[in-house]
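Enquirer: Each chain, written out:
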Amino acid sequence: MEETISLKEIFEVLKKRIWMIIAVTGGAAVISAIVTFFVLTPTYQASTQFIVNQSASQQEESPYDINDIRTNVELINTYNVIIKSPAILDQVIESLNLDISSDVLSNKIQVASAEQSQVVTVTVTDESRAMAVELANSTVETFQETIPDLMSVNNVNILSPAEQVENPQPVSPKPMLNIAIALVVGLMVGVGLAFLLEYLDNTVKTEQDIEKTLGLPLMGVISTVSEEDLGPETMNRHTSRASKVRGESVGT
Amino acid sequence: MVRKSRKKQVAMKARKIIANDNPKSPIAEQYRTIRANLQFASVDKELQSLLITSAGPSEGKSMTSANMAAVFAQQGKRVLLVDADLRKPTVHHSFRLNNTKGLSNFLVGRQTLKETTQITAVDNLDVLPSGPIPPNPSELLGSKAMHKLMMEARQSYDLLILDTPPVLAVSDSQVLAREVDGVMLVVRSGQTEFQAAERAKELLEQSKANLLGVVLNDREKKNSNYYYYYGNS
Chain A
3 MEETISLKEI FEVLKKRIWM IIAVTGGAAV ISAIVTFFVL TPTYQASTQF IVNQSASQQE
63 ESPYDINDIR TNVELINTYN VIIKSPAILD QVIESLNLDI SSDVLSNKIQ VASAEQSQVV
123 TVTVTDESRA MAVELANSTV ETFQETIPDL MSVNNVNILS PAEQVENPQP VSPKPMLNIA
183 IALVVGLMVG VGLAFLLEYL DNTVKTEQDI EKTLGLPLMG VISTVSEEDL GPETMNRHTS
243 RASKVRGESV GT
Chain B
3 MVRKSRKKQV AMKARKIIAN DNPKSPIAEQ YRTIRANLQF ASVDKELQSL LITSAGPSEG
63 KSMTSANMAA VFAQQGKRVL LVDADLRKPT VHHSFRLNNT KGLSNFLVGR QTLKETTQIT
123 AVDNLDVLPS GPIPPNPSEL LGSKAMHKLM MEARQSYDLL ILDTPPVLAV SDSQVLAREV
183 DGVMLVVRSG QTEFQAAERA KELLEQSKAN LLGVVLNDRE KKNSNYYYYY GNS
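If you're matching them up, the sequences are chains A and B in order.
Residues are numbered in the numbering used here as their position in the first sequence, beginning at 1, plus a constant of 2.
Residues are numbered in the numbering used here as their position in the second sequence, beginning at 1, plus a constant of 2.
Certain hints may be false.
To be verified - Straight line, CA to CA, 35 Å or less: simulated DSBU-like cross-link-like pairs of lysine-lysine:
#1 K26/B - K79/B
#2 K223/B - K18/A
#3 K26/B - K214/A
#4 K210/B - K146/B
#5 K150/B - K210/B
#6 K214/A - K210/B
#7 K47/B - K214/A
Unchecked claim - Quick list of simulated restraints, FRET-style, between CB atoms:
#8 K223/B - M22/A: 15 to 25 Å
#9 A38/B - G217/A: 14 to 24 Å
#10 R80/B - G217/A: 27 to 37 Å
#11 L16/A - P59/B: 25 to 35 Å
#12 K10/A - Q77/B: 37 to 47 Å
#13 I12/A - F42/B: 29 to 39 Å
#14 T205/A - A38/B: 23 to 33 Å
#15 K176/A - S60/B: 51 to 61 Å
Note that these hints are calculated values from the structure, not bench results.
Yeah, the Cβ is synthetic: ideal placement off N, Cα and C, and Gly gets one too.
Take these sequences, add in the hints, and give me the full structure.
Expert: Right, dumping it as structure tokens:
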């Protein structure tokens, strides 16, 4: 069936199912809010930054040698891997008396450095802010202590340790973001559903439908009967008839 | 749930003959429009018998038949409304008549047309209810007796309106379609499916019915507002 959908028809479909769309959108937002606030455990992040640079003794001669800087930047790639390796993490777990494996801990740690910079940021995500701070600091400290043994250089300096803050904000879940996403998804699903229902509904609806698809002339249209169309009570019919009969009999 | 309650409401309302109870209502006016269109549609040969049917059940056949009968009667024609639905008769409900004798009695030859028809509250409108439900409606309706009834009724009435069972469910209306001058198909907006309506049209055409046209029933009001408030104080 060849069909062109005009803008007006699209609008009609949306208008007809506007409450369904609103309900789906609202429902999605409410579900997302409930999940965000009651189901998901909030997680917190803490970051520690360290800088990779030659120690003071090594850089007396030429403090800003371009090659040294480049070497350091490239070393960072290696360091990123080392930080997340069990060699470091096992020590962290031991020192903090944690009951988790190094794999689990590794998943909580993100190491990132800005391009071409000597600063590396270690971010730890955990369900407890205090634990995140402790893990971040402990990891970087352990790394700093261990790196001279591993690489026989001592060029890691802690730039800014993670700090405890009061009333920390969880990084995840983000209620506003989740609800906004749910709203948009809900709206899309609602609109999609409206069109799907419209497409699946193959009933005759309008005068045009009859002439277009049945090819029969339309004799007339009866609109939905409402209370006001019914007029006075049914009883009137009988009473009026009774009086008429009586009138006739009197007259004739 | 909404749909169900709405259906029930409409079914209850179908028991009223709006064209007679509230002749000034827009609904009654819409029936008069159909009356006019029917008269235009049958210029060459006068429309003396009209069969009203639909594709499926509960699409508004009985309500349309009763109201059409009423508007034709209001025009001064002597109208006989025949309840040819010998399976689920409803016309006697609409007019609050008893159904102890009617069409089926006539068809088995026990009663005459005079004995079986009943007058109604609407002037010029008589009703032939279905009578007791027989076990073989299709055979009865296709019988010579039915043909005889049509002939007989044509002599004393200007117009016969037949309320029949749905086309897709049983063959009754196809059988009857040969006996009448015109057939009108009732389609309920939002309920009748395209395929069903098309199939009904095919079946009626196969039985050589003179399909006059379609009535779209239960059309949502808001889109046809322009009928309203005209001379309706």
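Enquirer: Are the hints correct? Go through all of them and say.
Expert: Right, here's what the structure says about each hint:
1. Only pairs whose Cα atoms come within 35 Å are accepted, and K26/B paired with K79/B is accepted, the gap being roughly 20 Å.
2. Pair hint K223/B plus K18/A holds up; C-alpha atoms about 14 Å apart against a cutoff of 35 Å.
3. Restraint check for K26/B and K214/A: the C-alpha separation of about 32 Å stays at or below 35 Å, so the hint holds.
4. The suggested pairing of K210/B with K146/B holds, with an alpha-carbon distance near 18 Å, which does not exceed 35 Å.
5. Taken as a hint, the K150/B and K210/B pair is honoured in the structure, with Cα atoms around 20 Å apart against an allowance of 35 Å.
6. With a C-alpha separation of about 22 Å, the suggested pairing of K214/A with K210/B holds against the 35 Å cut-off.
7. For the hint linking K47/B to K214/A, the alpha-carbon distance of about 27 Å falls within 35 Å, and the restraint holds.
8. Between K223/B and M22/A the Cβ separation comes to about 21 Å, which falls inside the hinted range of 15 to 25 Å.
9. Judged by the Cβ atoms, the range 14 to 24 Å given for A38/B and G217/A holds: they are separated by roughly 22 Å.
10. The beta-carbon spacing between R80/B and G217/A, approximately 34 Å, falls within the hinted interval of 27 to 37 Å.
11. In this structure the hint that L16/A and P59/B lie 25 to 35 Å apart at CB holds, the actual value being about 32 Å.
12. For K10/A paired with Q77/B, a C-beta distance near 39 Å keeps the hint of 37 to 47 Å intact.
13. Taking 29 to 39 Å as the suggested C-beta distance range, the pair I12/A and F42/B conforms, at roughly 36 Å.
14. At roughly 27 Å, the beta carbons of T205/A and A38/B sit within the given window of 23 to 33 Å.
15. The hint said 51 to 61 Å for the Cβ distance between K176/A and S60/B, and at roughly 53 Å that hint holds.
Of the numbered hints stated above, none is contradicted by the structure.
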